[in-house]
Every structure is written in structure tokens, then in C-alpha cells.
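Asker: So the chains spell out like this:
2 protein chains.
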Amino acid sequence: MHNKLTIKDIAKKLGVSVSTVSRALKDHPDISEKTKSLIRNFANEMNYRPNVLALSLRKQKSNTIGLIIPEIVHHFFSSVISGIEDLTYREGYNLIICQSNENQFRESTNLQALIDHRVDGIIISMSKSTTNFNHFKKAWEDGIPMVFFDRICDAIETDRVVMDDFEGGRLATEYLIKKGCSNILHLAAAPNLLIGRNRRDGYLEALRQYNIPIREKFILKCDTREEVITMQNHILSLVPQIDAIFAVNDSTAIATIQMLRRNGYRVPEDIRVIGFGDGPIATIVEPALTTVEQKGYDMGREAVRLLLQRLNNPNVPIDYQTRVFTPTIKERESA
Amino acid sequence: MHNKLTIKDIAKKLGVSVSTVSRALKDHPDISEKTKSLIRNFANEMNYRPNVLALSLRKQKSNTIGLIIPEIVHHFFSSVISGIEDLTYREGYNLIICQSNENQFRESTNLQALIDHRVDGIIISMSKSTTNFNHFKKAWEDGIPMVFFDRICDAIETDRVVMDDFEGGRLATEYLIKKGCSNILHLAAAPNLLIGRNRRDGYLEALRQYNIPIREKFILKCDTREEVITMQNHILSLVPQIDAIFAVNDSTAIATIQMLRRNGYRVPEDIRVIGFGDGPIATIVEPALTTVEQKGYDMGREAVRLLLQRLNNPNVPIDYQTRVFTPTIKERESA
DNA sequence: ATGAAAGCGCTAACAG
DNA sequence: CTGTTAGCGCTTTCAT
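As you go down the protein sequences, you meet chains A and B in turn. Each number in this note's numbering comes from the position in the first sequence (counting from 1) with 407 added on. Each number in this note's numbering comes from the position in the second sequence (counting from 1) with 407 added on.
Worth double-checking, as some hints may not be accurate.
Where chains are identical, the list cannot tell them apart; a pair therefore holds if satisfied intra-copy or between any two copies.
Unchecked claim - Pairs of lysine to aspartate or glutamate residues, derived as EDC-like cross-links and limited to a Cα-Cα distance of at most 16 Å, are as follows: (1) Lys420 - Glu452; (2) Lys411 - Asp523; (3) Lys545 - Asp523; (4) Lys586 - Glu740; (5) Lys702 - Asp571; (6) Lys545 - Asp437; (7) Lys544 - Glu564.
In case anyone wonders, no lab produced these hints; they're calculated from the structure.
Make the full structure from the sequences, and use the hints.
Answerer: See the structure below:
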């Protein structure tokens with residue numbers, strides 16, 4: 408059963424003290440080469456492995472970082488995880504992943520669990536349903552390093568990694584305008600999500616820049632495939648007045664395109680459609696989706712980098728930083 | 408900084424011994440209701456949280472389960488993770504996730520890291536490139552509970568959760584045959600992957616069952632979108648002789664459909680195409696993909712269930728079990 | 001009903 | 001150069 412060999416066992420077997428073993432194993436200069444190699448060889452042969460738990464307890468540092476993510480089954484988030492995992496692995500950290508399922512209670516439980524596990528730092532993307540930030544505030548007051556990404560919490564100051572959603576929204580809209588569109592419908596996210604607000608504000612800004620009147624009826628809360636179906640009639644009723652659609656995410660954009668085509672409209676000839684995200688679905692649909700590119704993998708790595716910077720310089724106060732990833736348009740066929 | 412309150416602090420503050428605090432906190436019958444509530448209330452007020460690390464060290468049990476997965480950015484795997492995460496969360500376990508990136512060395516390092524962390528059990532889906540199983544064997548000999556899912560390792564005996572890929576392949580092929588096809592091309596996975604072999608064998612079995620001659624040239628190693636593009640000419644050269652295609656996974660199926668359509672073939676009228684997996688891309692493509700349904704989320708939960716069954720009955724020897732998820736055809740438009 | 005003390009595996013003063 | 005000792009925070013006999 409399990410690898411039970413401890414440094415105590417080694418010490419006994421070799422007739423030395425535990426501290427000598429401990430030191431030899433970590434190449435302490437005080438130990439003679441002779442004893443070192445003796446101990447080292449023996450440890451290797453016996454396949455000795457230090458007990459990480461004991462180490463963490465002793466050092467008050469678990470060498471683990473925690474991650475709270477709304478949904479794992481989501482291309483953007485899974486790419487972020489992938490980026491995070493790659494870098495933490497390389498740096499010798501472990502990763503504990505929690506899923507909030509877009510639920511505030513669970514998010515708060517997860518946070519507590521990670522703190523209980525004495526993780527060295529936490530990377531978070533906030534749940535959609537979170538409106539109360541006390542759990543974050545408490546963690547912040549406890550002094551545990553946190554970096555938020557994508558869905559940041561503006562109620563507390565931390566390191567952040569974000570897309571410039573405003574610029575993304577502006578860019579997408581400008582792209583449509585430059586293609587000659589001026590009646591642009593925006594399928595928007597729920598207004599309580601900062602990220603959705605920013606994309607919408609970018610949309611508004613582009614309109615303003617090009618002196619295009621803003622019409623409230625051209626902004627619809629509709630950010631899922633299902634919602635497109637539910638709101639089909641409403642959207643269709645607006646279609647005769649519009650020449651383009653900017654959807655807040657790819658799946659909404661794609662659902663819209665399909666709905667449009669089923670109803671006899673051509674994309675992009677009749678209506679241009681642009682999405683946001685650039686997940687795997689963007690390229691396998693026809694027409695291929697023009698969309699705003701979102702670099703999940705890189706954002707994940709950057710989040711880890713910010714965190715490590717803090718963990719590696721525990722006593723140096725570092726100003727909170729915000730890394731902004733400026734999006735680009737991924738030009739394909741739908742717009 | 409961090410929550411530093413320990414049971415020792417509480418003991419001192421309240422003028423009792425640490426053991427009394429420890430017992431009170433876990434509702435030991437020996438402690439009087441009075442002291443219990445005294446300690447309890449104080450602990451609550453002071454927001455006491457036990458140190459999980461110390462607990463794990465003491466109990467020789469980390470209450471954590473480990474997961475090694477080839478790639479997180481993959482719909483099937485991320486659904487499995489989601490299922491695993493949901494259940495482990497509910498059962499009060501933590502989850503450490505590692506990504507092997509389809510690389511044997513990294514898989515083996517991950518495994519060692521998890522063991523070092525004294526995880527209570529490990530859930531694994533094997534990397535594609537793994538051909539040497541010593542790391543698994545070693546872990547197995549150490550007695551650490553493992554459950555393999557999907558990409559199982561048949562070199563060692565463990566609990567397993569699998570799709571009946573054979574039946575899936577048979578079903579898919581039979582479906583095509585019943586639609587009147589008899590010249591069915593199979594786009595297969597690399598032969599060293601059990602899962603791919605099984606799907607292929609199912610294909611062969613269906614052919615046999617319906618007395619359709621097996622032609623080697625109708626089995627191509629081609630299991631990615633990229634490979635479809637690379638092999639485009641070869642596939643196209645076979646198309647005049649065939650009336651259907653069974654692809655080993657959805658993305659290959661979809662890439663094939665698109666390639667076919669670009670070359671003037673209609674799907675399903677000229678060629679029927681069926682996939683395997685039923686990821687999110689299956690429904691957003693046109694024609695919607697008929698495919699074999701794979702229940703990642705449920706498989707994830709089942710893997711956890713098997714593991715917990717072992718963890719909760721540590722001294723009861725339980726026969727290794729294999730849970731088989733029988734697939735069904737998800738009928739849509741492409742076949 | 002409560003306390004003292006040992007120990008989980010390891011590190012790091014402090015001695016010699 | 002090496003050993004002794006005191007913890008890290010918690011549980012658990014064994015006393016009382």
C-alpha cells in the first residue's frame with residue numbers, strides 16, 4: 408500500500424539523523440559529499456518521495472493555486488484552463504479547479520474551500536449570478552492573492568486579466584459600418600455583466616463615431632442559442648429595418664445566422680453577422696463566422712504570471728496590475 | 408494576512424485544552440453541552456477554519472481526488488470534467504486536474520505529482536502517445552485506487568468507465584445499411600487506440616452481419632479535420648464508389664461533409680455521413696450531424712461513483728468493475 | 001467530562 | 001559536518 412518511506416526510515420536504515428537526511432536531500436552545503444551521495448543513492452533506490460502534505464504544513468505554503476471558473480464546458484473557459492494548467496505545471500505548482508456553475512453560493516463555497524486548502528493564490532472568473540461580493544472582500548482582507556480574469560469584480564482591487572471588450576465591440580461595429588451598414592442590431596448580454604456592458608458600449612461608441620443614430624429598439628437582450636429561438640419572431644420583425652447584426656457571442660451569432668437563412672435571408676448578402684469569441688464552432692459553420700478573436704489560452708497564462716509575480720515576491724508590495732488583451736477581428740465570411 | 412486562528416488559540420482564549428476544543432468541534436459525546444456550545448460559538452464568531460493540511464497529514468488522507476486528462480479543450484473531456492467536478496464537489500472532495508497533453512512523459516509526471524500529493528484516488532483517461540504502462544503499473548502496485556475512463560489501459564486491472572465503442576460503431580454502420588447503403592467508407596482512428604479499434608470492429612461486425620463484403624481500401628486512417636484536408640484527393644477518389652461514410656468522430660465527419668459539399672456532392676442525398684461523439688458542433692452545422700451520442704457528463708459522474716465506492720469501503724475488497732455506457736444514435740439530417 | 005502527551009513527515013534553529 | 005529539539009495544526013489514546 409502507498410509509498411510509506413519517510414526520511415525517518417532512511418535515517419534509521421543508514422544510521423544517521425533525520426536532519427542529515429533532510430539536508431542531504433536538498434543539497435545543503437554543510438553535508439559532506441560522501442554522506443550526501445550515500446543518502447541520495449539510497450533514497451533513489453528506495454524510490455523515496457517527500458510527503459508534500461507535511462512539507463506544506465511545515466512551510467505554510469501549499470504550492471497549489473486555485474481556480475474558480477463558471478463553466479468548464481465552454482470553449483473560452485477551457486482554453487483559459489489549458490493555459491493556466493500549462494504554466495502552473497511548468498512552474499511546479501498544482502492546480503485545484505472548482506466550477507461555480509454560474510451560481511453565487513457555490514462560488515462562495517468554492518472560494519472558502521480553496522482558502523481552507525491554503526492555496527497560495529486564486530484565479531477567478533466571476534459567476535454570472537454573483538451580485539454580492541462579500542466573499543471576495545473577505546478573501547481580499549485575508550490577504551490571499553487573487554487575480555480575476557474576463558469576468559472581473561470591480562468591487563475590489565486585484566490583478567486583472569481582461570479582454571478589451573469595449574474595443575472589441577467598437578471594432579466589430581466599425582467593421583460592419585465600413586462594410587456600408589448603418590442599421591445594426593445588437594444582440595446583447597444581460598446588463599449586469601460588465602463584459603456584456605462593455606461590448607455594448609463599444610457598439611454605441613462606434614455608432615457615435617460615425618454619426619449613426621442610436622436606436623434603443625436595436626439593442627436586444629439575447630445571448631444564447633435558446634434565446635434566439637425564443638425571440639425569433641421579435642428579431643424577424645426587426646430584420647426588414649436592419650442590414651447587420653452584432654451578436655455578443657459566437658453561438659448567438661450562429662443561431663441567428665441559421666434562423667435568418669431558414670427564413671430566406673442570405674448572410675452576408677442581405678444581413679451581415681458578426682460574433683464575438685472565436686471558438687471552434689466559428690470555422691465549422693457555413694458561412695464561416697467573422698468574429699472577434701478572444702485569446703483564452705494566453706489570458707490564462709498571463710493570469711498565472713501575474714499571480715506568480717506576487718507569490719515570488721511576497722514582501723515587495725506590487726501595484727495591482729490590469730493586463731488588457733486587445734482583440735482583433737477574425738475576418739471570415741459572415742460579415 | 409490569512410486566517411491564522413488555530414484550535415490552540417481557541418483553547419488558550421477559552422482556558423481549556425486543545426483536545427477539548429477538537430472534540431467539541433466535532434461533536435464528541437464526551438464533552439458537556441455547555442463547553443460544546445461555548446467553544447462552538449466562539450469558533451463561529453472568530454470564523455475558525457480547520458487547517459486542511461494538518462488534517463490530511465494526521466489522517467493520511469487528503470480528501471482530494473486527482474484527474475489526468477489528455478486535453479481540457481475538447482468537448483467530450485470537458486463534459487467529463489464537469490461531471491466529475493459536480494459529484495466530487497457534492498461529496499466534499501477536492502479535485503486536482505492535470506493535463507497530459509497527449510504526452511506520455513507528462514502523463515507519468517502528473518501521476519507522480521498526484522501520488523506525491525497523497526490524493527485518495529485517481530481518475531484517468533490515457534494519453535494517445537502512451538505505449539509504456541510502467542507508471543500505471545507502479546501506481547497500481549502502490550495500491551492507489553484508480554479508475555480509467557474512455558481511454559482505458561488494458562495492461563492493468565482497474566475500475567473502468569467506457570462507452571461501448573464497438574456497439575457504437577456497429578450501430579452507426581447498421582444505421583447506414585438500413586438506409587440502403589452498402590459501400591461504406593470508414594474514416595478511422597490510429598490503430599493503437601483501443602477506442603478507435605473498437606469503433607472500427609463494430610463497423611466490420613455490422614458489415615458481416617449484413618453480408619456486405621469488407622474492403623480494406625474503405626478503411627482510412629483519418630481522424631482530424633486537418634487530415635481530411637490532407638487526404639482530400641484520396642477520399643474524393645473513393646467517393647464515386649461509395650454511398651456513405653462513417654467517421655470516427657464528429658469533427659472529422661463535419662470536415663468531410665464540408666469537403667464533399669464544396670466538391671458538388673449533396674449530403675445526405677448523394678452520400679450519407681455519420682459521426683461519433685455528439686459534441687456542440689453537431690447541431691450547429693448544416694446539415695445537422697447524425698451521430699453517435701457519447702455521455703461525457705454521466706461517464707464522469709460514474710467514474711467518481713466507482714472511486715468513492717472504493718474509498719468509502721477501504722477494507723472491503725471489491726471486484727474491479729467496468730461500467731459500459733451503451734450509445735444511441737442521435738438522428739439528425741446528415742444520414 | 002477534560003487534559004497531557006505522542007505523533008503524522010518534514011524543516012530549521014541551535015548545539016556541539 | 002552532524003545531531004537534538006521544537007514545532008507546523010490537528011487527532012487520539014491514555015490518564016485522571
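Asker: Looking back at the hints listed earlier, which ones does the structure fail to meet?
Answerer: 6
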